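Colleague: Residues 644 to 768 (my numbering) are what the sequence shown spells out, left to right.
Just to be clear, a hint being listed does not mean it is correct.
Stated by the list, open to error - Each pair of labels, with its calculated beta carbon distance range:
{"id": "1", "residue 1": "732", "residue 2": "678", "range": "34 to 44 Å"}
{"id": "2", "residue 1": "695", "residue 2": "742", "range": "26 to 36 Å"}
{"id": "3", "residue 1": "759", "residue 2": "671", "range": "34 to 44 Å"}
{"id": "4", "residue 1": "654", "residue 2": "699", "range": "33 to 43 Å"}
{"id": "5", "residue 1": "744", "residue 2": "699", "range": "29 to 39 Å"}
{"id": "6", "residue 1": "678", "residue 2": "699", "range": "17 to 27 Å"}
{"id": "7", "residue 1": "744", "residue 2": "645", "range": "29 to 39 Å"}
{"id": "8", "residue 1": "654", "residue 2": "732", "range": "34 to 44 Å"}
{"id": "9", "residue 1": "744", "residue 2": "692", "range": "33 to 43 Å"}
{"id": "10", "residue 1": "667", "residue 2": "759", "range": "13 to 23 Å"}
{"id": "11", "residue 1": "746", "residue 2": "688", "range": "32 to 42 Å"}
{"id": "12", "residue 1": "732", "residue 2": "692", "range": "31 to 41 Å"}
Stated by the list, open to error - Simulated pairs of lysine to aspartate or glutamate, EDC-like, Cα-Cα distance not exceeding 20 Å:
{"id": "13", "residue 1": "681", "residue 2": "652"}
{"id": "14", "residue 1": "716", "residue 2": "662"}
{"id": "15", "residue 1": "700", "residue 2": "655"}
{"id": "16", "residue 1": "706", "residue 2": "655"}
{"id": "17", "residue 1": "717", "residue 2": "704"}
{"id": "18", "residue 1": "756", "residue 2": "708"}
{"id": "19", "residue 1": "717", "residue 2": "744"}
{"id": "20", "residue 1": "751", "residue 2": "764"}
{"id": "21", "residue 1": "706", "residue 2": "720"}
{"id": "22", "residue 1": "749", "residue 2": "734"}
{"id": "23", "residue 1": "706", "residue 2": "662"}
{"id": "24", "residue 1": "756", "residue 2": "745"}
{"id": "25", "residue 1": "663", "residue 2": "677"}
{"id": "26", "residue 1": "717", "residue 2": "754"}
{"id": "27", "residue 1": "681", "residue 2": "730"}
{"id": "28", "residue 1": "749", "residue 2": "662"}
{"id": "29", "residue 1": "681", "residue 2": "720"}
{"id": "30", "residue 1": "732", "residue 2": "691"}
{"id": "31", "residue 1": "700", "residue 2": "677"}
{"id": "32", "residue 1": "706", "residue 2": "764"}
{"id": "33", "residue 1": "700", "residue 2": "764"}
{"id": "34", "residue 1": "716", "residue 2": "734"}
{"id": "35", "residue 1": "717", "residue 2": "651"}
{"id": "36", "residue 1": "706", "residue 2": "645"}
{"id": "37", "residue 1": "663", "residue 2": "692"}
{"id": "38", "residue 1": "743", "residue 2": "692"}
{"id": "39", "residue 1": "751", "residue 2": "730"}
{"id": "40", "residue 1": "706", "residue 2": "730"}
Hint data in this document are derived by calculation from the structure and do not stem from the laboratory.
Keep in mind it's a predicted model, so treat the numbers as computed, not measured.
Every residue, glycine too, gets a C-beta built ideally from N, C-alpha and C.
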Amino acid sequence: MENRLVIEETQDTPRVFFDKASGVFEISGRSLPENAIKFYTPVLRWLEEYVASPNAKTCFDFKLDYFNSASTKKIYEIVSLMEMLVETKNEVLIRWYYSKDDELIKSKGLEMKEMVEVPFDVRTY
644 MENRLVIEET QDTPRVFFDK ASGVFEISGR SLPENAIKFY TPVLRWLEEY VASPNAKTCF
704 DFKLDYFNSA STKKIYEIVS LMEMLVETKN EVLIRWYYSK DDELIKSKGL EMKEMVEVPF
764 DVRTY
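All chains, full assembly: derive it from the sequences and hints.
Modeller: In structure tokens:
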């Protein structure tokens, strides 16, 4: 497994920065890829390998400004992988950030929180 996965942000895709050594796991920006499956496949593969050999503690930050419905499905898959870590007694925290006035991103975070059994903190920037 590679220790890092870095995908730079574009106009339509988020920045992905996963660094197992430092424990930084972050997806930020806008997620409107033309093909969400194609964009998120390497992200999910990397995380599946990580779940097989995780750090003792995983803190995952979502700092999304906007995402489409296809991205929502992939984000849920990511969150579900973090739920697998909880099930194997690993320490996990998901932090879902939203801009103070962005009720849509806040509500999406709260919905995601209700769908999984993972410590999940919805907070403003």
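Colleague: All hints, please: hold or fail.
Modeller: So, going through the hints one by one against the coordinates:
1. Hint check: residue 732 to residue 678, Cβ distance near 36 Å, so the stated range 34 to 44 Å holds.
2. Checked against the hint of 26 to 36 Å, the C-beta distance between residue 695 and residue 742 comes to roughly 35 Å, which is consistent with it.
3. For the pair residue 759 and residue 671, the supplied restraint of 34 to 44 Å is violated, since their beta-carbon distance comes to about 20 Å.
4. The hinted window of 33 to 43 Å between residue 654 and residue 699 holds, with their beta carbons roughly 37 Å apart.
5. Between residue 744 and residue 699 the beta carbon distance is about 37 Å. The supplied range of 29 to 39 Å therefore holds.
6. Evaluation of the 17 to 27 Å hint for residue 678 and residue 699 yields a failure: the beta carbon distance comes to about 35 Å.
7. Separation of residue 744 from residue 645 is about 38 Å and conforms to the stated range, judged on CB atoms against 29 to 39 Å.
8. Our hint of 34 to 44 Å for residue 654 and residue 732 holds, since their Cβ atoms are close to 40 Å apart.
9. At about 38 Å, the beta-carbon gap between residue 744 and residue 692 stays in the expected band of 33 to 43 Å.
10. Evaluation of the 13 to 23 Å hint for residue 667 and residue 759 yields a pass: the beta carbon distance comes to about 21 Å.
11. In this structure the supplied range 32 to 42 Å holds for residue 746 paired with residue 688, their Cβ-Cβ distance being about 33 Å.
12. For the hinted restraint 31 to 41 Å between residue 732 and residue 692, the CB-CB distance of approximately 19 Å leaves it violated.
13. For the suggested pair residue 681 and residue 652, the alpha carbons sit about 15 Å apart, so the restraint of at most 20 Å is met.
14. Taking the CA atoms of residue 716 and residue 662, the gap is near 23 Å; set against the 20 Å cutoff, the hint is violated.
15. About 31 Å separates the Cα atoms of residue 700 and residue 655, which puts this hinted pair outside 20 Å; it is violated.
16. Pair hint residue 706 plus residue 655 holds up; C-alpha atoms about 15 Å apart against a cutoff of 20 Å.
17. Of the supplied pair hints, the one linking residue 717 and residue 704 holds, its CA atoms being roughly 15 Å apart against a limit of 20 Å.
18. A distance of roughly 18 Å separates the Cα atoms of residue 756 and residue 708; the hinted pair therefore holds under the 20 Å criterion.
19. This hinted pair does not check out: residue 717 and residue 744 have alpha carbons roughly 25 Å apart, beyond 20 Å.
20. Taking the CA atoms of residue 751 and residue 764, the gap is near 12 Å; set against the 20 Å cutoff, the hint holds.
21. Distance restraint check for residue 706 and residue 720: the Cα-Cα separation of roughly 17 Å lies within the 20 Å cut-off, and the hinted pair is therefore satisfied.
22. Under the criterion of a C-alpha separation no larger than 20 Å, the hint pairing residue 749 with residue 734 is inconsistent with the structure, at around 24 Å.
23. For the suggested pair residue 706 and residue 662, the alpha carbons sit about 16 Å apart, so the restraint of at most 20 Å is met.
24. A C-alpha spacing of about 17 Å is found between residue 756 and residue 745, which places the hinted pair at or below 20 Å, so the restraint holds.
25. With a C-alpha separation of about 28 Å, the suggested pair residue 663 and residue 677 falls outside the 20 Å cut-off, and the hint is violated.
26. Restraint check for residue 717 and residue 754: satisfied, since their Cα atoms lie roughly 15 Å apart, inside the 20 Å limit.
27. In summary, the hint linking residue 681 to residue 730 is not supported, as the alpha carbons are separated by about 28 Å, beyond the 20 Å threshold.
28. A hinted pair counts as satisfied when its Cα atoms are at most 20 Å apart, and residue 749 with residue 662 does not qualify at roughly 26 Å.
29. The hinted pair formed by residue 681 and residue 720 meets the criterion: a straight-line CA distance of about 14 Å does not exceed 20 Å.
30. A C-alpha spacing of about 16 Å is found between residue 732 and residue 691, which places the hinted pair at or below 20 Å, so the restraint holds.
31. Between residue 700 and residue 677 the alpha-carbon distance is near 33 Å, which puts this suggested pair outside the 20 Å criterion.
32. Restraint check: the Cα-Cα separation between residue 706 and residue 764 comes to about 12 Å, which is no more than 20 Å; the hinted pair holds.
33. Taking the CA atoms of residue 700 and residue 764, the gap is about 15 Å. The hint holds against a cut of 20 Å.
34. The suggested pairing of residue 716 with residue 734 is violated, with an alpha-carbon distance near 24 Å, which exceeds 20 Å.
35. The straight-line distance between the Cα atoms of residue 717 and residue 651 is roughly 18 Å, inside the 20 Å bound, and the hint therefore holds.
36. With a CA separation close to 23 Å, the supplied pair residue 706 and residue 645 exceeds the 20 Å bound.
37. This hinted pair checks out: residue 663 and residue 692 have alpha carbons roughly 11 Å apart, not beyond 20 Å.
38. The suggested pairing of residue 743 with residue 692 is violated, with an alpha-carbon distance near 35 Å, which exceeds 20 Å.
39. A threshold of 20 Å between alpha carbons decides the hint, and for residue 751 with residue 730 the separation of about 23 Å lies outside it, so the pair is violated.
40. Straight-line distance between C-alpha atoms of residue 706 and residue 730 comes to about 25 Å, which puts the hinted pair past the 20 Å bound.
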